[in-house]
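Enquirer: Line order of the protein sequences matches chains A and B. Under our numbering, the first residue of the first sequence is numbered 2, with each subsequent residue one higher. Under our numbering, the first residue of the second sequence is numbered 2, with each subsequent residue one higher.
Simulated from the structure, these hints should not be mistaken for laboratory data. Incorrect hints may have been included.
[To be verified] Calculated pairs, PhoX-like style, for lysine-lysine (alpha carbon to alpha carbon, straight line, at most 20 Å):
1) B:Lys-90 <-> A:Lys-81
2) A:Lys-90 <-> B:Lys-3
3) B:Lys-138 <-> A:Lys-112
4) A:Lys-138 <-> B:Lys-41
5) A:Lys-181 <-> A:Lys-112
6) B:Lys-112 <-> A:Lys-138
7) A:Lys-138 <-> B:Lys-42
8) B:Lys-112 <-> B:Lys-182
9) A:Lys-90 <-> B:Lys-81
10) A:Lys-182 <-> A:Lys-112
11) A:Lys-205 <-> A:Lys-3
12) B:Lys-138 <-> A:Lys-41
13) B:Lys-3 <-> B:Lys-42
14) B:Lys-138 <-> B:Lys-181
15) B:Lys-91 <-> B:Lys-154
16) A:Lys-42 <-> B:Lys-138
17) B:Lys-112 <-> A:Lys-112
18) B:Lys-138 <-> B:Lys-112
19) A:Lys-3 <-> B:Lys-90
Number of protein chains: 2
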Amino acid sequence: MKVHGAVYSTASQRVFACLYEKQLEFELVPIDMIGAGAHKKEPFISLNPFGQVPAFEDGDLTLFESRAINLYIAHAYADKGTQLVYDGKKMATVSVWMEVEAHQFGPVALKLVWELVLNPTLGMTTDAAVVQEAAAKLGQVLDIYEARLGQSKYLGGDDFTLVDLHHLPFIQSLMGSQVKKLFDSRPRVSAWCTQILARPAWLKVVAMQVNN
Amino acid sequence: MKVHGAVYSTASQRVFACLYEKQLEFELVPIDMIGAGAHKKEPFISLNPFGQVPAFEDGDLTLFESRAINLYIAHAYADKGTQLVYDGKKMATVSVWMEVEAHQFGPVALKLVWELVLNPTLGMTTDAAVVQEAAAKLGQVLDIYEARLGQSKYLGGDDFTLVDLHHLPFIQSLMGSQVKKLFDSRPRVSAWCTQILARPAWLKVVAMQVNN
Chain A
2 MKVHGAVYST ASQRVFACLY EKQLEFELVP IDMIGAGAHK KEPFISLNPF
52 GQVPAFEDGD LTLFESRAIN LYIAHAYADK GTQLVYDGKK MATVSVWMEV
102 EAHQFGPVAL KLVWELVLNP TLGMTTDAAV VQEAAAKLGQ VLDIYEARLG
152 QSKYLGGDDF TLVDLHHLPF IQSLMGSQVK KLFDSRPRVS AWCTQILARP
202 AWLKVVAMQV NN
Chain B
2 MKVHGAVYST ASQRVFACLY EKQLEFELVP IDMIGAGAHK KEPFISLNPF
52 GQVPAFEDGD LTLFESRAIN LYIAHAYADK GTQLVYDGKK MATVSVWMEV
102 EAHQFGPVAL KLVWELVLNP TLGMTTDAAV VQEAAAKLGQ VLDIYEARLG
152 QSKYLGGDDF TLVDLHHLPF IQSLMGSQVK KLFDSRPRVS AWCTQILARP
202 AWLKVVAMQV NN
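Here chain A stands alone, though its shape is the one from the complex:
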């Protein structure tokens, strides 16, 4: 199995986390996005015509879009490592909360990651008005998460699933920013973050960044 991506890419991290949870070996093929813009050129765009990392190969199968890659891995290697998907009605609820991550949490978290983490690193300015609006929206999403985590141990149900895993890269990134307090001030959200950020599979992803 090959992941074409970058250790600093949050979407790539999502796939690394899944592969480590499933205890699968993989080769990272580094894509030099910042220096060479390699994600917008051949040979990468033959793997993903949209020019975004990661792309994934398993034998003759080529996939892109991190959440779809993870669904494939979780189903195809069901008997390995952590069970991350289920069947029937239990999976239906997991799917709902996977969509919540993708459409409610993800866009607002990504905006904050750019403004508060990436822009400062790249020497660009942070737009305080954008931060304020996005932080308010994130607070509303986390209020709903706080209620949800009173009903079940994890967001998708009583087991850790792809739902929780897909949140990890943005949460890790935002924990070093001023919006950390939005997570810390909600007791169940805070406990959930602490728990999922401490998973051995995720710590391996963090170590990849440190060692880079």
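Using the hints, position chain B against chain A.
Expert: Coordinates of chain B only, in the frame set by chain A:
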């Protein structure tokens, strides 16, 4: 089965289309969004705390997020009507293109639906700069679709699946706007649109709007 939604809501239409493809009977529970803002109040927000239509009930199971609802319906009623999902590697590719619809096509199409269809209807102005930027992005996505439809009959493979179905509400809406030409000018995209818009299940969804 109950769909809590509105006939003019594109996300609700996505679920209606799936139910008609599966030849399943359902009850529409109308949510008065425009007049009463009923989607932001009880009892609706007990079905979906994010306050967005549709919500869905099947016996004791309650779901929200249209794409998750459709995944459940397609799997749970696999033996009814049109097959919309598959297994294994074939499903992995379907999942990739479902994510493409959700993240590449959907946000840009929704922006154009607001600017070109909903704002004029609601007496609000259209922002020409937003339209120009979104139309350019939509053109880039449709270029990739044009190439993809040279490799397979439908976007997710050689069969009609949830991928194509999930595109229908936005395409239907944009076909009455100035960006229709972006679809018409690409031969394979144009033929694909003509084919999926003519499906009997989709024509039933269109009829719901006309009869409303």
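Enquirer: Starting from the hint list further up, note which numbers the structure goes against and sort them upward.
Expert: Hints that this structure does not satisfy do not exist here, as all of them hold.
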